[in-house]
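J.: If you read the sequences in order, they're chains A and B.
The numbers in the first sequence follow the numbering used here, run straight up by one, and end at 228.
The numbers in the second sequence follow the numbering used here, run straight up by one, and end at 695.
Rather than coming from a laboratory, the hints here were simulated on the basis of the structure.
Just so you know, even glycine gets a beta-carbon here, dropped at the ideal spot from N, CA and C.
Mixed in with the good hints there might be a few duds.
[Unchecked claim] What follows is a set of in silico ranges between Cβ atoms, one per label pair, in the way DEER data are often shown:
no., chain 1, residue 1, chain 2, residue 2, range
1, A, ASP183, B, ALA600, 23 to 31 Å
2, B, PHE449, A, ILE212, 53 to 61 Å
3, B, SER232, A, PRO101, 49 to 57 Å
4, B, ARG458, A, ILE212, 28 to 36 Å
5, A, ILE212, B, LEU474, 23 to 31 Å
6, B, GLU596, A, GLY144, 38 to 46 Å
7, B, TYR460, A, GLU22, 30 to 38 Å
8, B, PRO618, A, GLU190, 31 to 39 Å
9, B, PHE449, A, GLU190, 50 to 58 Å
10, B, SER538, A, GLU190, 47 to 55 Å
11, A, ASP183, B, ARG458, 27 to 35 Å
12, B, THR496, A, ARG146, 35 to 43 Å
13, B, THR479, A, ALA61, 39 to 47 Å
14, A, SER137, B, SER538, 46 to 54 Å
[Stated by the list, open to error] Below, simulated DSS-like cross-link-like pairs (lysine-lysine); rule was C-alpha separation at most 30 Å, straight line:
no., chain 1, residue 1, chain 2, residue 2
15, A, LYS152, B, LYS514
16, B, LYS514, A, LYS11
17, B, LYS514, A, LYS139
18, A, LYS11, B, LYS545
19, B, LYS545, A, LYS100
20, A, LYS207, A, LYS139
21, A, LYS70, A, LYS11
22, B, LYS491, A, LYS152
23, A, LYS139, A, LYS100
24, A, LYS139, A, LYS152
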Amino acid sequence: MKLLIVEDEAKTADYLHRGLNEQGYTVDVARTGPDGHALALQHDYDVIVLDVMLPEMDGFAVLRAIRTRKQTPVIMLTARDRVDDRVHGLRAGADDYLAKPFSFLELVARLQAVTRRGRVQESTQLHIGDLEIDLLSRKAYRAGNRLELTAKEFALLALLARREGQILSKTVIAEQVWDMSFDSDTNVVEVAIKRLRAKVDGPYEHKLLHTIRGMGYVLEMRGVREAP
Amino acid sequence: MKTSIATRLAVMFAVAALGVFSLVGVALYRVLHRELGRHQLSEVNTRLEYVGMMVGRNDNAVSWQNLRAKLDTLTPADDSVRYWVLGPDPRFVYGDVPAELRERLGAQPGRPFVLELEGRSMRAVSRSIPPKGARPAVQIVTALDSTRFCDTLDTFAGALVVLCLAGVSLVTILGHRIAKVGLAPLSSLSQEAQSLSPRDLSQRLRLSPLPRELSDLVASFNGALDRLERAYAQLEGFNADVAHELRTPLTNLIGQTQVALAKERTATQLEEVLQSNLEELDRLRKIVSDMLFLARADQGETALDRVQASAAEEVSKTVEFLDVILEEAGVSVRVEGDAHASFERSLFLRAASNLLLNAVEHSERGAEIVVAIARRESEMRIAVTNPGAPIPEQHLERLFDRFYRADGARRNSRDNHGLGLSIVKAVAKMHGGTVFATSAEGRNTFGFTLSDSPLAATPGGSSSSPW
């Protein structure tokens with residue numbers, strides 16, 4: 001995946017560069033609007049992450065300029081999150097819109113959502129270690145034993161399993177599992193994860209469901225190191 | 229700048245006075261003109277009668293000489309009265325008849341007319357005398373100098389104009405003075421208003437010495453001051469609350485990081501610090517974005533992405549989302565009634581979830597929370613009731629204020645920074661609705677309304693405050 005970040009704030013650009021690199025993206029960074037515009041036209045990127053407030057040429061102008069030539073997916077970043085800004089951005093041809101301060105995980109999730117479009121169908125059977133999930137019959141097994149999961153617990157487990165190895169934030173989980181598209185004040189996700197963990201990991205030696213403090217949750221096989 | 233009220237009034241008085249004076253002046257002039265004319269005419273007629281009598285008696289040329297002498301005597305030296313006798317026989321005539329007179333007599337016999345003679349205008353009347361003895365029929369004419377009459381009229385008109393102008397000026401000046409005196413309470417009021425200072429917000433304008441017209445204005449103005457004072461006090465408290473809410477995570481961040489950096493740490497220890505910092509930062513992020521949300525609602529932003537949906541369905545979704553929380557707290561939720569309305573889904577869910585969480589937080593185990601949905605005309609009403617300790621009236625009003633907590637003591641729980649109910653209020657406001665809270669018979673109800681028409685938004689939202 002090749003990615004262009006157009007961002008003038010050095011710290012932001014640097015951490016995005018490093019973080020996304022570690023997520024497996026090839027990342028180019030442009031510090032000004034005209035640079036970003038030039039790079040966007042020179043190369044074929046899979047996604048462009050575009051800041052709105054840029055020197056010389058603002059994000060909307062860059063976006064318009066790119067759109068005259070290319071249809072590369074664009075995610076806009078802005079410190080303002082007024083609805084009309086969002087409408088403005090989306091009308092100008094942005095594919096998604098993220099308000100600062102945003103969580104890095106959120107950005108990764110949006111990037112995946114933007115690039116996932118048109119991807120081939122996922123398999124219906126998932127295997128992670130000795131965990132087996134059948135998405136069609138909605139059944140899960142651990143070491144051959146059927147796990148007794150409620151519908152929501154199954155949805156939660158399926159989500160984590162489909163995104164194996166990825167950290168999922170509480171916001172993403174609430175949105176995907178409960179269709180709650182707002183930043184909730186509750187610890188619903190924590191409690192739900194706790195219950196799921198009791199069923200999935202409780203009696204087993206190898207823990208699969210891990211908490212990354214301050215970020216979210218991940219389902220993966222871990223070798224030597226256990227979750228803190 | 230607009231002209232002052234006093235000047236405007238003075239100008240209006242002047243215009244009115246000019247109109248009235250002009251009307252009266254013209255009327256007086258016409259009355260005088262008519263009266264003087266009538267008077268003159270009757271004098272001319274009297275003289276004509278007298279002369280006519282004399283001419284009528286004369287029937288021979290000899291006595292005509294006497295008549296001429298008599299007429300000479302009757303004619304004053306300044307020629308202000310003139311007599312003429314015209315006839316076919318030169319023995320029986322009197323006076324040099326000017327050509328103009330002859331013409332006029334031919335044109336309108338027997339009618340009074342004005343004769344321009346030697347530069348003066350004379351009022352003349354003529355009459356025919358039938359023949360007698362040797363004298364043929366003659367025509368006699370008497371004319372009276374009307375110059376004096378005209379002079380009088382001119383003088384009168386002049387005086388009238390001068391007096392009118394003087395009157396108008398006087399009315400203007402007096403009007404200005406009167407207006408000033410009449411408006412004196414206004415200027416003293418403005419002086420008093422100028423003395424209001426931001427240092428003492430409890431200052432008000434005095435109502436007692438004011439005329440009725442102004443007391444309403446002052447009462448409204450004082451009302452505005454009341455609201456400002458309240459808002460200001462609230463803002464001050466709010467600032468303190470914000471500072472407190474932000475300071476706690478900031479203190480943790482700074483302190484923890486400093487401690488971590490003070491000496492060599494293992495990677496695990498540093499990771500621990502980073503993770504803890506992330507939690508604090510997330511808390512800050514949430515407070516900031518909630519406050520931004522509230523600020524946008526304050527600025528009058530309305531819900532734009534409205535969809536028509538069933539409120540009960542959305543509430544049920546919220547209940548499903550909160551299921552684990554409800555189960556842990558040992559409370560159940562019952563949804564009563566339903567109504568369709570147009571609202572922004574994510575906002576509605578947020579408000580419903582906040583209300584439910586608030587109810588859960590204040591319920592005992594085993595309690596039942598009731599969500600009642602009803603429609604009243606163009607309003608949809610969602611009320612969440614939970615059994616709980618009575619809430620005093622003064623708290624009820626303010627529970628939707630930011631950071632307001634009835635218990636006073638701050639519990640810095642991670643997920644609750646005191647903005648939950650104010651977000652409900654903001655959501656209601658964005659949908660042109662309000663919030664309400666009641667406490668009776670051990671049941672506390674919190675809720676909000678949504679209006680179907682976004683334009684029906686009530687400024688200020690709930691009864692409690694402008695926030």
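J.: The structure should be examined with respect to each hint, and the outcome stated for every one.
T.: Structure-based check of all given hints:
Evaluation of the 23 to 31 Å hint for A/ASP183 and B/ALA600 yields a pass: the beta carbon distance comes to about 27 Å. Under the hint 53 to 61 Å, the C-beta atoms of B/PHE449 and A/ILE212, about 59 Å apart, fit the expected range. Evaluation of the 49 to 57 Å hint for B/SER232 and A/PRO101 yields a pass: the beta carbon distance comes to about 56 Å. For the pair B/ARG458 and A/ILE212, the beta carbons lie near 46 Å from each other, so the given range of 28 to 36 Å is not met.
For A/ILE212 and B/LEU474, the Cβ-Cβ distance of about 25 Å falls inside the hinted range of 23 to 31 Å, so the restraint holds. A beta carbon spacing of about 42 Å between B/GLU596 and A/GLY144 agrees with the range 38 to 46 Å that was offered as a hint. In this structure the hint that B/TYR460 and A/GLU22 lie 30 to 38 Å apart at CB is violated, the actual value being about 50 Å. A C-beta distance of roughly 33 Å is found between B/PRO618 and A/GLU190, which places it inside the suggested range of 31 to 39 Å.
At about 53 Å, the CB distance of B/PHE449 to A/GLU190 agrees with the hint of 50 to 58 Å. Under the hint 47 to 55 Å, the C-beta atoms of B/SER538 and A/GLU190, about 30 Å apart, miss the expected range. In this structure the supplied range 27 to 35 Å holds for A/ASP183 paired with B/ARG458, their Cβ-Cβ distance being about 30 Å. The hinted range of 35 to 43 Å is satisfied by B/THR496 and A/ARG146, whose Cβ atoms lie roughly 37 Å apart.
At about 42 Å, the CB distance of B/THR479 to A/ALA61 agrees with the hint of 39 to 47 Å. In this structure, A/SER137 and B/SER538 break the distance hint of 46 to 54 Å, their C-beta atoms being roughly 31 Å apart. Distance check on the hinted pair: A/LYS152 and B/LYS514 sit about 26 Å apart at the alpha-carbon level, within 30 Å; holds. Only pairs whose Cα atoms come within 30 Å are accepted, and B/LYS514 paired with A/LYS11 is accepted, the gap being roughly 21 Å.
In summary, the hint linking B/LYS514 to A/LYS139 is not supported, as the alpha carbons are separated by about 36 Å, beyond the 30 Å threshold. This hinted pair does not check out: A/LYS11 and B/LYS545 have alpha carbons roughly 40 Å apart, beyond 30 Å. Among the hinted pairs, B/LYS545 with A/LYS100 is consistent with the structure: their alpha-carbon atoms are about 29 Å apart, no more than 30 Å. Restraint check: the Cα-Cα separation between A/LYS207 and A/LYS139 comes to about 19 Å, which is no more than 30 Å; the hinted pair holds.
For the hint pairing A/LYS70 with A/LYS11, the CA-to-CA distance comes to about 28 Å; that is within 30 Å, so the pair holds. Between B/LYS491 and A/LYS152 the CA atoms are separated by roughly 46 Å; this puts the pair beyond 30 Å, and the hint is violated. Note on A/LYS139 and A/LYS100: the hinted pairing is violated, with a Cα-Cα distance of about 39 Å set against a maximum of 30 Å. This hinted pair checks out: A/LYS139 and A/LYS152 have alpha carbons roughly 12 Å apart, not beyond 30 Å.
Comparing the model with each earlier hint shows violations of hints 4, 7, 10, 14, 17, 18, 22, 23; every other hint is respected.
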